[in-house]
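These protein sequences, in sequence, are chains X and Z. Just so you know, we're using UniProt numbering here: the first sequence kicks off at 1 and counts up by one. Just so you know, we're using UniProt numbering here: the second sequence kicks off at 1 and counts up by one.
Among the hints, a few may not be true.
If chains are identical, the list can't say which one is meant, so a pair holds when it fits in one copy or spans any two.
Stated by the list, open to error - Derived SDA-like pairs: lysine to any residue, alpha-carbon spacing no greater than 20 Å straight-line:
#, residue 1, residue 2
1, Lys102, Glu213
2, Lys226, Ala120
3, Lys129, Asn275
4, Lys43, Val317
Keep in mind the hints are simulated off the structure, nothing from the lab.
Residue strings, one per chain:
There are 2 protein chains.
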Amino acid sequence: MKKYNFNAGPSILPREVIENTAKQILDFNGSGLSLAEISHRAKDFQPVIDEAVALIKELLNVPEGYSVLFLGGGASLEFCMVPYNFLIKKAAYLNTGVWAKKAMKEAKLFGEVVEVASSADANFTFIPKGWTCPDDVDYLHITTNNTIYGTEIRKELDVNVPMIGDMSSDIFSRPVDVAKYKCIYAGAQKNLSMAGVTIVIVKDDELGKAPREIPTMLNYQTHVEKGSMFNTPPVVPIYTALENLRWIKKMGGVEAMDKLAHERADIVYSEIDRNKLFRGTVNAEDRSLMNICFVMNEEYAELEKPFLEYATSQGMVGIKGHRSVGGFRASCYNAQSIEGVQALVKCMKDFEAQH
Amino acid sequence: MKKYNFNAGPSILPREVIENTAKQILDFNGSGLSLAEISHRAKDFQPVIDEAVALIKELLNVPEGYSVLFLGGGASLEFCMVPYNFLIKKAAYLNTGVWAKKAMKEAKLFGEVVEVASSADANFTFIPKGWTCPDDVDYLHITTNNTIYGTEIRKELDVNVPMIGDMSSDIFSRPVDVAKYKCIYAGAQKNLSMAGVTIVIVKDDELGKAPREIPTMLNYQTHVEKGSMFNTPPVVPIYTALENLRWIKKMGGVEAMDKLAHERADIVYSEIDRNKLFRGTVNAEDRSLMNICFVMNEEYAELEKPFLEYATSQGMVGIKGHRSVGGFRASCYNAQSIEGVQALVKCMKDFEAQH
Numbered sequence: 001m002k003k004y005n006f007n008a009g010p011s012i013l014p015r016e017v018i019e020n021t022a023k024q025i026l027d028f029n030g031s032g033l034s035l036a037e038i039s040h041r042a043k044d045f046q047p048v049i050d051e052a053v054a055l056i057k058e059l060l061n062v063p064e065g066y067s068v069l070f071l072g073g074g075a076s077l078e079f080c081m082v083p084y085n086f087l088i089k090k091a092a093y094l095n096t097g098v099w100a101k102k103a104m105k106e107a108k109l110f111g112e113v114v115e116v117a118s119s120a121d122a123n124f125t126f127i128p129k130g131w132t133c134p135d136d137v138d139y140l141h142i143t144t145n146n147t148i149y150g151t152e153i154r155k156e157l158d159v160n161v162p163m164i165g166d167m168s169s170d171i172f173s174r175p176v177d178v179a180k181y182k183c184i185y186a187g188a189q190k191n192l193s194m195a196g197v198t199i200v201i202v203k204d205d206e207l208g209k210a211p212r213e214i215p216t217m218l219n220y221q222t223h224v225e226k227g228s229m230f231n232t233p234p235v236v237p238i239y240t241a242l243e244n245l246r247w248i249k250k251m252g253g254v255e256a257m258d259k260l261a262h263e264r265a266d267i268v269y270s271e272i273d274r275n276k277l278f279r280g281t282v283n284a285e286d287r288s289l290m291n292i293c294f295v296m297n298e299e300y301a302e303l304e305k306p307f308l309e310y311a312t313s314q315g316m317v318g319i320k321g322h323r324s325v326g327g328f329r330a331s332c333y334n335a336q337s338i339e340g341v342q343a344l345v346k347c348m349k350d351f352e353a354q355h
Numbered sequence: 001m002k003k004y005n006f007n008a009g010p011s012i013l014p015r016e017v018i019e020n021t022a023k024q025i026l027d028f029n030g031s032g033l034s035l036a037e038i039s040h041r042a043k044d045f046q047p048v049i050d051e052a053v054a055l056i057k058e059l060l061n062v063p064e065g066y067s068v069l070f071l072g073g074g075a076s077l078e079f080c081m082v083p084y085n086f087l088i089k090k091a092a093y094l095n096t097g098v099w100a101k102k103a104m105k106e107a108k109l110f111g112e113v114v115e116v117a118s119s120a121d122a123n124f125t126f127i128p129k130g131w132t133c134p135d136d137v138d139y140l141h142i143t144t145n146n147t148i149y150g151t152e153i154r155k156e157l158d159v160n161v162p163m164i165g166d167m168s169s170d171i172f173s174r175p176v177d178v179a180k181y182k183c184i185y186a187g188a189q190k191n192l193s194m195a196g197v198t199i200v201i202v203k204d205d206e207l208g209k210a211p212r213e214i215p216t217m218l219n220y221q222t223h224v225e226k227g228s229m230f231n232t233p234p235v236v237p238i239y240t241a242l243e244n245l246r247w248i249k250k251m252g253g254v255e256a257m258d259k260l261a262h263e264r265a266d267i268v269y270s271e272i273d274r275n276k277l278f279r280g281t282v283n284a285e286d287r288s289l290m291n292i293c294f295v296m297n298e299e300y301a302e303l304e305k306p307f308l309e310y311a312t313s314q315g316m317v318g319i320k321g322h323r324s325v326g327g328f329r330a331s332c333y334n335a336q337s338i339e340g341v342q343a344l345v346k347c348m349k350d351f352e353a354q355h
């Protein structure tokens, strides 16, 4: 039976990206060697990283003066690299959930941290509004999409300080005004690649200002100066990212991804709002287009497990909600097809008809 | 033409490891999803990491009280994680080359560093002998194999302090007395997997003693407590490691790898010593079995480029020496076949006959 992959991450990738990766692992560019066993210094690999950087700059319209890096360790490592490199005295954080809290925790090791707002009291079911950010902070950190709670900041915030954005789960799903950021980072395993690589976009002239000695590998300058080749980068995950970037461009770029994201989300949220069994968990205006969270209406609470079983039997994979929210989560990253969300909606309708 | 992969890293992997990885990337365990797009929390993936950990413990005969971790960031990130976690007051480092120096540089950010010995004055052509290590250090750090210079510490050192070993380029090529170490780490892209994962073996009761706050991701305790699942681990590189660990076991374990390493190295070093064109660069007793470095004898210096071209034309890949040494480097990791080194030796003989 055809499977529909709604995993929150690592998550669905375009089939051609997967097939091209497997092909290059068997024989890289007809070299007789596997992509897994070539040197990162090989003359065949530099073009991979160069093209990937160029495509990221093109797709996100990255202004002059920014560098694009491929690092290991995941976005969680960036939680400490960001303050190590950018926190001079005081930083502001918008608390929209688990990942924002984790980022804030690391920043407190390096300086003063101001929480500008939080929706913790409401189990992060909305993005806080109407707050102000102090003018004297080094940056405002935001998590643009909250994978666990299903909220998203999809429109650029209007603030007076430079931002740092954790865009792990919505990068490349929409245009971004990169000039508003000192740094953007994203674990690749949602919209970009397999797990094992993190992309970081940094504003070059903001580096080197922090009043501390930074371990070499944690210093963004190290990686800027060496073009992500200070040490051996994760070759295969970078290659898969390149294949996916090519696919995004071919499909029409981040504007097309944005349009598709709206189409997919409209299909699922409309059904959630219509179906008597289900309700969304997030305030309507803050609903994520990437991670669609919903639960059983209270009078049908006992149907949660049966629905999960039914949907699984129909080929849906990874729709169990995170334990912090319960219920269901349909992750709809770039590679999620309209057919996939229609299949999910059919499950919801059929299950409603059965009960 | 058949290619023989002598790359220093990322480097040769057994063909079945590559083919099985490609197969699982197309369809993981018949699930209909790619290995690249499954959740690391999927019930199919936990057995992967569990089996990989168990095989590492079995193959290296790891004593009770040690944890095996899979991390991102490469061995270069361990250069700062090691002192972050283990340097309480003073640490000793044996300086055997570029990687040892880099490790030492990071340690100096955290405490006093004693260089117990160095072969820098001789361009690291030997492993220093006859030195003593202070008794009051927290650990002695050694680089067991020096990829660039072609030296190796293949027999456990007899010292009175616990060691920390960077075994990036010779792990799983020989038995190791793990009990002598507080920590062993290795970037996987030599003897274990594709680039993108680092394995770390830590002695649990040595953790938590450092007098500093450690960023969460840099604290080994974080990863021990979460079984390498604190954040998304590099799923595909870990899977490839598992395939390679299965291969090593099937081939007879690290004892068989050790025997093969000696056989391969004997074949190449014997030819270097016999052939009038070439000479080894390293003192005979410290020659690495993993990275065999050699140069043209002075009277044949002008044949360096022609030999490289000839060997390349015969299918040899990656034998150009590192710029710090010049000449040639034949890296002979676990997956290097006897056929491969014989093909290299044939090139050397044929080229000698032509000149």
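Structure-based check of each hint:
1. Only between protomers do Lys102 and Glu213 lie at most 20 Å apart by alpha-carbon distance; the minimum there is 15 Å, versus 23 Å within a single protomer.
2. Taking the closest pair of Cα atoms, Lys226 and Ala120 never come within 20 Å of each other, the shortest separation being 40 Å inside a single copy and 24 Å across copies.
3. In this assembly of identical chains, Lys129 and Asn275 lie within 20 Å of each other by CA distance neither inside one copy nor across copies; the values are 29 Å within and 77 Å between.
4. Taking the shortest alpha-carbon separations for Lys43 and Val317, only the inter-copy value of 12 Å comes in at or below 20 Å, while the best intra-copy value is 40 Å.
Consistency note: the structure conflicts with the earlier hints numbered 2 and 3.
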